[in-house]
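Trainee: Once you have looked at the hints, place chain D on chain A.
Protein chains in written order, with the numbering used here: chain A, 70 to 296; chain D, 95 to 449.
Heads up, a few of these hints could be off.
[Claimed, not checked] Computed beta-carbon distance windows for the label pairs:
{"#": "1", "chain 1": "D", "residue 1": "168", "chain 2": "A", "residue 2": "121", "range": "26 to 36 angstroms"}
{"#": "2", "chain 1": "D", "residue 1": "206", "chain 2": "A", "residue 2": "286", "range": "29 to 39 angstroms"}
{"#": "3", "chain 1": "D", "residue 1": "279", "chain 2": "A", "residue 2": "288", "range": "42 to 52 angstroms"}
{"#": "4", "chain 1": "A", "residue 1": "288", "chain 2": "D", "residue 2": "405", "range": "24 to 34 angstroms"}
In case anyone wonders, no lab produced these hints; they're calculated from the structure. The C-beta atom is built at its ideal place from N, Cα and C for all residues, glycine as well.
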Amino acid sequence: MESPFIEEVLSITLLSLRVSGLAVLIGALAGVPIGTILGFKRFRGKRTLMRLMDVALRSFVNTLMGLPPVVVGLVVYLLLSSSGPLGPLRLLYTPTAMILTQLIMVTPIIIGVTMSAVGGVEESIREKALSLGASNWQATWMVLREARMGLLTAIIVAFGAAISEVGGIMMAGGNIRWFTRTLTTAIVTEVELGNFALAISLGIILLTMAFAINLLLTIMQLRGVRG
Amino acid sequence: MHFHVEVRNLCKDYPGKRALIDVSFGVERGEIFALIGPNGAGKTTLLRILDLLDEPSSGTVLFRGAEVDYSIKDRKDLRRGIGMVFQRTVLFNMSTFDNVAYGLKVRGMSEREIREGVKAALELVRLQGFEGRNALALSGGEAQRVALAQALAIEPELLLLDEPTANLDPRNASIIEEVLSRVNREGKTTIIMSTHNVFQAENLAHRIALLNEGKIERIGAFQDIFERPHRFLSEFARLENVFSGFSKATPEGTSIIDVGNGLHIEAAFERSGSVIVHIPPEDIILSTRPIVSSARNTLEGLVVQISDLGSIVKLKVRSNRDFTAQITKRSFNDMKIGLNSKVFLAFKASSVKMI
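If we strip away everything but chain A, and leave its shape as in the complex, we get:
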């Protein structure tokens, strides 16, 4: 195989990693704090109205967790298209648009999983930390520490969803060669062109990469069990 081919595969792989990695990173920076706030038991008020709002909010987050990527891609497309409200930014068909699409997709996943992980930590852990002299922030940090397995699960699930996603980035990124083509969109293209061998190769690269990253995260998670 000639070197431009390898170069192209490499650039496609790196773009996939960059887009999904940044989407998950930014999503975690926003989603973990929000999920933590929602997950804290003391926010479940005693009043009926508070409870209703709480249930509604949780259901909303859970619904967003299952957002169809093509719908997100469509919304981003409409927002960024030249006649859309964000058209002047000229971001349509750029990696930034793809990151935005995946960000919208993975943030609810990170919020939802963080919420249940933090909610699963008993209130007694927070009280124990407070009782031992921790400040409110230190006690919250201890709850997150106890929920660390769940937080890592949030990252694993979000990254898995992002790296395997195709419909959303296809719409927002346009699948432009050397610019916005990722492993998943490249596979779609190659299949359409009948290049099955190439499509399968790209599929193997995608799987291998996903496996390597999950292996790393899982090792971190298992280490976390023992504290």
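Mentor: Showing chain D alone in chain A's frame:
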């Protein structure tokens, strides 16, 4: 001179429930103060308020003579000198060392101070060598001792304990009791603890408060409270050897009480009708051979339960009814009693007290 901890007219209301009603008491510096009462009496609520985890609905708490300001949201400075051991053991998912070190770390102590503090606290609860073990892998008794070490590491001037030995085996319970009396004796630590165990209260506490349905029913030294046990105790505080039955006066001026299951107890009072009687466990003579004595009541039974309370041992003996006898550790060892040992009990008619 003021109390170390003082509670004035404390009330705590939960929706639909009054957990504490007008509770007032003072605890001296260096005192061990025990709260005794049934589940739901308000013991945990009271301790949680003292640890600043809950706010009172009304009333005040004074610590070192100064009123505690519950409106402050971050209470770490107020809590600085207070350690608490919860009834349900809670430990962090980290090593035993890190668990015990936590209170010192959040106080900004140096590495060396932390190492020394953790070492001393673990030695106190006799868990040297456990530093590297994950705290969640410990047995129930060990875990509760780590929880105690966590609270002790910060060298609290006030130690709060919520039924610290509930659900623990006698060995771990007695280690905890020993530690408590030691830190109180040597460190002059003030201790406020709740317990179900009347023996524990008697062994450890200088004073006792009986808490029932949110109110303090009695307060005072063990002897003052338990000399004439009253109905509340027999019903709730799991006082041993309490029997109800029908009493018949005899021509000799005593009474024979039918307490059921074919058992009749002779008492030194004259009374006919329904009675509730109590025989203090320390008044019961225990022997491995049949007892010939002046005691009017003799029974034969099997040892069904042994509770090691440090210097004394409490034995539950199954006869027509269950009796609890209390003997010293030395006699226990000398007599070579074990589970299912056959023993004989004797107690005088004058030891049978009417409640």
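Trainee: Please check whether residue 279 of chain D and residue 288 of chain A have a Cβ separation lying inside 42 to 52 angstroms.
Mentor: Given range 42 to 52 angstroms: holds, Cβ gap about 50 angstroms.
Trainee: Quick check on a hinted range of 29 to 39 angstroms for residue 206 of chain D and residue 286 of chain A, using CB atoms only.
Mentor: holds (36 angstroms)
Trainee: Taking 24 to 34 angstroms as the hint, is the beta-carbon distance of residue 288 of chain A and residue 405 of chain D inside that range?
Mentor: violated (52 angstroms)
Trainee: Confirm or reject the claim that residue 168 of chain D and residue 121 of chain A have a C-beta distance inside 26 to 36 angstroms.
Mentor: holds (30 angstroms)
In terms of the numbered hints stated before, the structure departs from hint 4 and from no other.
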